[in-house]
Amino acid sequence: MSDVANRRTAHVVDCAGVSRTYQEDAVPVQALRDVDFQFSRGEFASLSGPSGSGKSTLLNLIGGLDRADEGAIAVDGVALNRLSESELSDLRLRRIGFVFQSYNLIPVLSAQENVEFIMQLQGVARGERAEQAVECLASLGIAELARRRPGELSGGQQQRVAIARAIVTDPVLLLADEPSANLDSGTTEELLKLLRRLNHERGISILTATHDPMVMSYAKRRVVLRDGAIVEDSAH
Amino acid sequence: MPIKLLLQMSLRNILRHRRRNGMMLAAVVVAVAAVVLMNSMIRGMQQDMADAAVENLVGHVKVLAPGYRDDPGIARNFALAGDWRPPDGAPEVAGWAMRVRVPAVIMSERGTRGIQFVGVNPAQEGISFLSSARMVGESLKDASDGRIIIGQALAEQLETGLGRRLVIITQGADGLNREAGFRIAGLYDADGEGMEGFFVFTGVGALQEMVGAEVFTELSIRLHEEPALFALKDALVEVFTGLEVLDWRELEPQAAAMFVFADAAVLIWFFVMMGALVFGLVNTLVTSVMERIRELGMLRAVGMRPRSVVAQVVIESSALMLIGVAVGIALGLAAVFAMGDGLDLSLWSEGVESFGMRTLLRPVPLVDDVLLIALLSLGLGVVASLYPAWRAIKVKPLEALRR
Ligand SMILES: Nc1ncnc2c1ncn2[C@@H]1O[C@H](COP(=O)(O)OP(=O)(O)O)[C@@H](O)[C@H]1O
Ligand SMILES: [Mg+2]
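Which chain is which? The protein sequence lines are A and B, in order.
For the first sequence, position 81 (counting from the first letter as 1) is numbered 81 according to the working numbering, and the numbering increases by one without interruption.
For the second sequence, position 244 (counting from the first letter as 1) is numbered 244 according to the working numbering, and the numbering increases by one without interruption.
Worth double-checking, as some hints may not be accurate.
Residues of chain B placed beyond 10 Å of chain A at every Cβ, according to the derived structure [unchecked claim]:
no., residue
1, Gln116
2, Phe129
3, Ala143
4, Ala173
5, Ala206
6, Gly212
7, Leu243
8, Gln254
9, Asp263
10, Leu267
11, Phe271
12, Met304
13, Ser318
14, Val395
15, Pro397
Which bits of chain A does chain B cover? Going by a derived footprint, with three or more residues having C-beta under 8 Å, they are [stated by the list, open to error]:
no., region
16, 58-71
17, 77-89
Don't read these hints as lab results, they were simulated from the structure.
This structure is a prediction, so every number in the text was calculated from the model and none was measured.
No residue lacks a Cβ here, since even glycine has one placed at the ideal position from N, Cα and C.
From just these sequences and the hints, can you work out the full model?
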């Protein structure tokens, strides 16, 4: 058992023969076809490809937000298809950090509370929570915004709070779906420097879906999807 | 899932839509206040009916000879020492009265009427309406007073008045008719005209003499409080073997039925008012949940469990209810106390009296009722939130995020 776990954890993500078909409309859409994909600890990779190529679908499957029709996905050594919904919730809570295109902060909570509530969900004690949240916001250069609510922040600032929320729990894996889509190029560059720093300094594995060339240029590995299949996988 | 976080988020969500939730809150407050007020009025009415029934010479519990109810008369009697007391161990009573009560005929020069002729000991009648009825002329002095007191209505019917003599005929203990003349000492004015035309009072000693037997036909006992009723009955049954021990519900089945109906009316009224409110509440909550479905999707995407989402909606609803109920009860009770002396119903006096109620309706708020209203309302708050909560978790996190 521990053998298996150890061997598996070499890869943070391990997808084997993964397919996903959407049946929602009259014509079924095959968003992913037989995808094999391994992702190691400490990597920073971009998933790129034209719109509709299956980037978000793959990210959602890896994040346990959706289930594959075929194939197996393991995250940090845990096979996702055997988990119940609440076990998936727990996996997302404890091992995965999400950054969404539209930030998705809770409007009724301040920046600091948005960061803290993830730890509250995890049951971290109050004092420790506040300390870590403040420290995390400071490390992302937005300590002075701690008390503001999302509505009082710019897009770039909100995205930073969202990143703080995603990494404050030290997840093994950070998933970011089009994190720069709503940001101007200057802000995007700052964001990317930040991600690179987190990857270097904290060793967080980062997988980001994007069609922004600037994002791709910051990633050390580049995976290209087309029509639901990986057509290119290169390091640089 | 830490309850504090849920509380915090729920409360802020309530504050986020002040106007909508304010209106909902106002509706809860008004409904609860109306329920509390109406409920107190119903209780007031109920208590009036019971009091009226108890005061009409019935008392809480009455001891009668077997058969008296079907065939009242001096033949159905029992003996009782003049210094009788309730048995030791019986609940404390407000008082008791030993009476002779027989059907009789009363005659003036102008008319004849069938009546109930009641011999009383005035010292004991603090427990019946006799002590509080408005009186013209004099009351009976004591148990041996040989004058009579009749109702004003009867006096009018017989075209007679104070100081005049009337003839009364009734059956004696030996089965033979007795006839005697009685002078009118006073005219009483009771709440109900029915009684005024029906009951004629004299000293119990005088009536015993007339019928020729030192016996009684009834012992009426009044309690301080209704709840002691059954304990008293039990104690009396032990002492009066061979006699009938009946409570006012058995003696006045109509009043008792109204009493039970009032119990039900309290609940019916609650569910009608609050039922309508629950639809509004469900609607408000569904709107509130659907408005932030993305946010709830995100919460679940980052690891909040479905049951925590449910809890959040339940707390939101319960908090609204809790505040609404607290303010509503305060407002309802304030209205009850503002009405203090009661609502004058004398305009509808005739109809009201025929139900055995007074013309002054005094609201009576009961602690138990208010607690019940509070608990049921909070329960409804939880129930009302279940459907909205289900709507919130029915949408998968991914779908919710896409909206
Ligand atoms: N919920 C869905 N229902 C139906 N089709 C979907 C759904 N999500 C994605 N698709 C389809 O699956 C394909 C891949 O989508 P997606 O993974 O979002 O691509 P990308 O993120 O690369 O733009 C597209 O053709 C898209 O229309
Ligand atoms: Mg996409």
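Structure-based check of all given hints:
no.: 1; hint: Gln116; in the structure: 74 Å, holds
no.: 2; hint: Phe129; in the structure: 64 Å, holds
no.: 3; hint: Ala143; in the structure: 79 Å, holds
no.: 4; hint: Ala173; in the structure: 87 Å, holds
no.: 5; hint: Ala206; in the structure: 84 Å, holds
no.: 6; hint: Gly212; in the structure: 90 Å, holds
no.: 7; hint: Leu243; in the structure: 70 Å, holds
no.: 8; hint: Gln254; in the structure: 59 Å, holds
no.: 9; hint: Asp263; in the structure: 45 Å, holds
no.: 10; hint: Leu267; in the structure: 38 Å, holds
no.: 11; hint: Phe271; in the structure: 34 Å, holds
no.: 12; hint: Met304; in the structure: 6 Å, violated
no.: 13; hint: Ser318; in the structure: 18 Å, holds
no.: 14; hint: Val395; in the structure: 13 Å, holds
no.: 15; hint: Pro397; in the structure: 6 Å, violated
no.: 16; hint: 58-71; in the structure: holds (count 4)
no.: 17; hint: 77-89; in the structure: holds (count 3)
Violation of the numbered hints given earlier is confined to hints 12 and 15; the remaining hints are satisfied by the structure.
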